[in-house]
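Produce the entire structure from the sequences given, and follow the hints as far as they go.
Chain by chain, the residues run as shown.
2 protein chains.
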Amino acid sequence: MFDSGVGGLTVLHECLVSLPGEDFVYLGDTARFPYGTRPAEELRSFVADVAGYLLDLDAKLLVIACNSATSAGADEARRLAEPLGVPVVTVIEPEAEIAAAITESGKVGVLATPTTVAGGAYRRALEGQGRALEVTEVGCPDLAPIIQRDATFDHGVIDTVRGYVKPLKQAQVDTVILGCTHYPLVAPLLQRILGRDVRVVMAGHAVAASVQRILAERGLDNPREGEGDYRFLCTSDADSFREIGTRFLQMPLGEVRRVDLRG
Amino acid sequence: MFDSGVGGLTVLHECLVSLPGEDFVYLGDTARFPYGTRPAEELRSFVADVAGYLLDLDAKLLVIACNSATSAGADEARRLAEPLGVPVVTVIEPEAEIAAAITESGKVGVLATPTTVAGGAYRRALEGQGRALEVTEVGCPDLAPIIQRDATFDHGVIDTVRGYVKPLKQAQVDTVILGCTHYPLVAPLLQRILGRDVRVVMAGHAVAASVQRILAERGLDNPREGEGDYRFLCTSDADSFREIGTRFLQMPLGEVRRVDLRG
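Here the protein sequences line up with chains A and B, keeping their order. Adding 444 to a residue's 1-based position in the first sequence gives its number in this note's numbering. Adding 444 to a residue's 1-based position in the second sequence gives its number in this note's numbering.
Hints are supplied without guarantee of correctness; some may be wrong.
Claimed, not checked - Covered by chain A, according to a simulated footprint, are these stretches of chain B (three or more residues, beta-carbon under 8 Å):
# : stretch
1 : 637–649
2 : 655–666
Said to hold, decoys possible - Heads up, incomplete: computed chain B residues facing chain A, CB under 8 Å, no partners named:
# : residue
3 : D493
4 : G496
5 : H599
6 : I602
Claimed, not checked - Now the in silico label distances, taken between C-beta atoms and shown as ranges:
# : chain 1 : residue 1 : chain 2 : residue 2 : range
7 : A       : P585      : B       : G698      : 21 to 27 Å
8 : A       : D598      : B       : P483      : 56 to 62 Å
9 : B       : A475      : A       : D603      : 31 to 37 Å
Simulated from the structure, these hints should not be mistaken for laboratory data. All values derive from a computational prediction rather than experimental measurement. Glycine included, C-beta positions come from ideal geometry on N, C-alpha and C.
Here's what the structure looks like:
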């Protein structure tokens, strides 16, 4: 599994809880964080670096736990992985599937970074689900930075989140996709502001369900009784990855090792 | 709502998410933390102090979000509150009700502090649910202190939790009550070790459901559209309460004020 930084750990979190028997290696390409502001061509080459590195470790399945990398590089990852018989799971499509399946009113909201919204990947994925959906997207420039920066949210976070949620309340959505892997850290706050009746769809649940289904279909699932291993690679300082990562994983991190992708 | 410290904030968390329209005041009696090792008679007088303070603030419902205070002082709180028409919701009984309702095998596990296990309150509450249950209780002396101490769990936490969970796995329970308000912070880890098929019951969900039902029954629920206020009182240093509290509430704390209960 990989991401540009620690955000994808919210996806790993759900996989660790849902698929305890599997082994995971997570690579955060922290030296080149953030991916969101880079040209697609550059991102595609980053995805090739990271996917290549993980395939060399004999990964049996690859998860792209990053919106930007999915938009720009999912095809590239598949080009490298599929000839080796390695399936690729991405974000965006799994959340769109779940949202389309659970919305009753057909009114779906998306909270994401401005880059993700501008790229239109969630809108396309939702429109490809075979039912008429009314999609309201809100770009949230300040939300991921606030979450990344500070473990102790101050009260201003509430106003920031409330501002972003307002168009979704006005549109009366009954389902909201958290279209950035940082956002699960404010999921309780979002749920409080949206109200209990609104369903919140996060990449973690959606990806874990996809991984589980694909492993089972291909007979690749690990039948062990106990828990598997998980470990972490990053491309800049390991200590700061561990420090900030725990908040995103909500579990002990254990081994974190710095690697050089070009090495 | 009150507790001896920050643990009850995991209960408040769920109430804030489930009952966004209500106003909450949370009092952490941090000057006399921990309650768990004190004689019942002393605890009863603490409960009288705290409940009295909150009733003077015109609380319409009182939640005892603390196992020790519930065991020793629920009667005392009711004696003070009920003549004023104020219902009292405690921990223990709500979790027992839910666990008895959802267990299929009838095998229920309880993780709690040694004091709570020794007091037998969960066992009695479970045995009073009107169906035959096989109850396995595990006293976890190290778990709450580990959670209280350190935001960045090290890998040793996994071994500690695995040790406590072992008797529950051997007993093949299908439902586990987290009988201490600190434990939700390791709920993902517990779920991973227990496996997805085991249902984990936390005080937060159980209490929020009870509060919602009682408010509705008595016509006391707040019909407002937006979110209510929440604020915090504690009996020792406000800054350290705020610092450690955010981790337990998983939301911004905002106002924290130090009060003197004997004032």
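Structure-based check of each hint:
1. Coverage of the stretch 637–649 of chain B by chain A holds. Counting CB-CB distances below 8 Å, 3 residues qualify, and the rule asks for three or more.
2. Given as covered by chain A, the stretch 655–666 of chain B fails the check, having 0 residues with a CB less than 8 Å from a CB of that chain where 3 are the minimum.
3. At its closest, the beta carbon of D493(B) sits 29 Å from a beta carbon of chain A; the interface hint therefore is violated under the 8 Å criterion.
4. For G496(B), the shortest C-beta to C-beta distance to chain A is roughly 29 Å, which exceeds 8 Å, and the interface hint is violated.
5. Because the beta carbon of H599(B) sits about 4 Å from the nearest beta carbon in chain A, less than 8 Å, this interface hint is met.
6. Annotation: I602(B) was flagged as interfacial toward chain A, and the flag holds, the nearest CB pair being 6 Å apart, inside 8 Å.
7. Distance hint check: the CB atoms of P585(A) and G698(B) are about 24 Å apart, consistent with the given range 21 to 27 Å.
8. In this structure, D598(A) and P483(B) break the distance hint of 56 to 62 Å, their C-beta atoms being roughly 40 Å apart.
9. Distance hint check: the CB atoms of A475(B) and D603(A) are about 32 Å apart, consistent with the given range 31 to 37 Å.
Checked against the numbered hints given earlier, the structure breaks hints 2, 3, 4, 8 and satisfies all the rest.
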